[in-house]
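A.B. asks: Chain residues, written in single-letter form:
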Amino acid sequence: MSARDLARNGNGGGPAQLADVLERVLDKGIVIAGDIQINLLDIELLTVRLRLLIASADKAREMGIDWWEGDPFLSRRAGNDALEDRLKRLEAAAGLEAGEGKDES
Amino acid sequence: MISAAQDTGVYVYGVLAPDAPSPPGVETVEHDGLVALVREVPLAEFGEEALPAHLNDREWLEVHVRAHEDVLASAAEASTVVPFRFGVICHDRSDVARLLDEHAELLRRDLLRVRGCEELGVKVWYDAPEATATDEAPAGGRAYLERRRDDRRRALELAASREALVADVHERLARCSVASVVNRPQPKELSGRDEQMLLNAAYLVRRGDEAIAREVASLHAEHAANGYAFELTGPWPPYNFVGEGA
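Sequence order for the protein chains is A and B. With my numbering, the residue at position 34 of the first sequence is 42, and numbering never jumps. With my numbering, the residue at position 11 of the second sequence is 134, and numbering never jumps.
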């Protein structure tokens with residue numbers, strides 16, 4: 009067994025996780041612009057995201073394609089990671105105003 | 124092409140160097156030393172009107188996205204391939220040749236850049252230990268506030284140490300690679316895992332190079348006890364290392 013096999017967790021040898029495939033195949037790789045293509049606009053991931061968001065948000069969420077929710081261009085919720093949420097909850101619970109703590113930089 | 128009612132298009136998976144073998148069952152269009160991997164597709168499925176609807180169809184999307192990846196992965200196993208993003212569809216084969224002609228410079232640059240290389244994915248996961256809540260009630264308002272402030276300080280310290288670890292991990296892995304890209308961590312809904320993804324990176328390495336795998340294995344050994352897990356994926360076609368921005 010090679011070092012690579014040893015390092016690989018979980019589904020070693022099995023099909024790749026769908027999320028990893030989607031991320032690469034829909035979001036990376038060369039995009040060709042121009043009139044040669046039949047439907048350039050529809051394949052832009054941004055458009056795919058928006059389409060999923062507008063047309064079928066529930067379905068998209070069901071299958072896990074809602075990473076626009078962490079996309080600063082598409083969502084105001086961007087940047088609210090779990091830690092920040094937790095801190096806010098703690099602050100609210102403690103009745104501390106933001107910036108009151110001296111440990112804050 | 125004179126076609127009154129065109130009902131097929133030509134789907135382009137990616138581009139190979141001229142001397143590369145194409146995977147079995149995949150057609151090619153060659154132009155001026157560049158070889159496009161293609162397949163004829165029905166426009167009833169892949170046309171301008173049908174495709175957007177299909178992108179919302181989970182099963183359709185999974186089947187075709189995986190097929191795209193499979194073609195490119197088997198091409199990449201044998202030789203150098205420049206992967207296209209899903210859904211590049213031309214009217215006909217002569218348009219594919221035009222595409223190769225118009226984008227020859229970029230395609231040749233990318234073929235050169237990724238020659239003999241493959242992409243590996245590395246993800247770092249963190250399984251946050253449950254906050255150790257003190258059972259005894261605080262003695263009063265003052266003690267309560269102090270405890271909350273301590274919790275807050277601890278959370279900030281933990282976040283800082285996680286950030287430092289991730290930066291260190293990426294630096295160690297990048298040193299084993301030709302090039303690297305850090306992508307946004309996948310949200311839990313997409314990853315399907317409860318753990319938090321802290322790092323989602325791609326590394327371009329010489330084909331068969333095991334340095335990253337060894338590094339991942341030793342990182343795992345070093346940090347697993349503290350709630351970190353390291354996942355290696357691939358080898359992938361070099362999706363993250365081609366295109367205008369690469």
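Simulated from the structure, these hints should not be mistaken for laboratory data. All C-beta atoms in this analysis are idealised placements derived from N, C-alpha and C, irrespective of residue type, glycine included. Any given hint could be a false lead.
What the hints assert, rightly or not - Sample of chain B residues at the chain A side, in silico, Cβ under 10 Å: (1) Val135; (2) Ser197; (3) Arg231; (4) Asp233; (5) Leu235; (6) Lys246; (7) Val301; (8) Val305; (9) Ala348; (10) Gly366.
A.B. asks: Could you check if valine 301/B really has its C-beta closer than 10 Å to a C-beta on chain A?
C.D. replies: 17 Å, violated
A.B. asks: Hint validation: glycine 366/B versus chain A, beta carbon distance must be below 10 Å. Holds or violated?
C.D. replies: Interface hint status for glycine 366/B: holds (5 Å vs cutoff 10 Å).
A.B. asks: Identify whether the interface hint at aspartate 233/B stands, where standing means a beta carbon of chain A within less than 10 Å of its own.
C.D. replies: Nearest chain A Cβ about 7 Å off; hint holds.
A.B. asks: Double-check alanine 348/B for me: the hint is only fine if its C-beta lies closer than 10 Å to a C-beta in chain A.
C.D. replies: 16 Å, violated
A.B. asks: Given a cut of 10 Å on the nearest C-beta pair, is the interface hint for valine 305/B held or broken against chain A?
C.D. replies: This hint is violated: valine 305/B lies away from chain A, its Cβ roughly 13 Å from the closest one there, beyond 10 Å.
A.B. asks: Hint validation: valine 135/B versus chain A, beta carbon distance must be below 10 Å. Holds or violated?
C.D. replies: Hint holds; valine 135/B Cβ to chain A Cβ min 8 Å, cut 10 Å.
A.B. asks: Would you settle whether the hint for arginine 231/B is holds or violated, based on the nearest Cβ-Cβ distance to chain A being less than 10 Å?
C.D. replies: Given a least distance of 12 Å, the restraint on arginine 231/B is violated.
A.B. asks: Should the hint that leucine 235/B touches chain A count as held when the rule is a Cβ pair under 10 Å?
C.D. replies: Violated, about 14 Å.
A.B. asks: Holds or violated: the hint that lysine 246/B contacts chain A, with Cβ atoms closer than 10 Å.
C.D. replies: 9 Å, holds
A.B. asks: Close enough to count: is the Cβ of serine 197/B nearer than 10 Å to one in chain A?
C.D. replies: 14 Å, violated
The structure is inconsistent with the numbered hints 2, 3, 5, 7, 8 and 9, although it conforms to all the rest.
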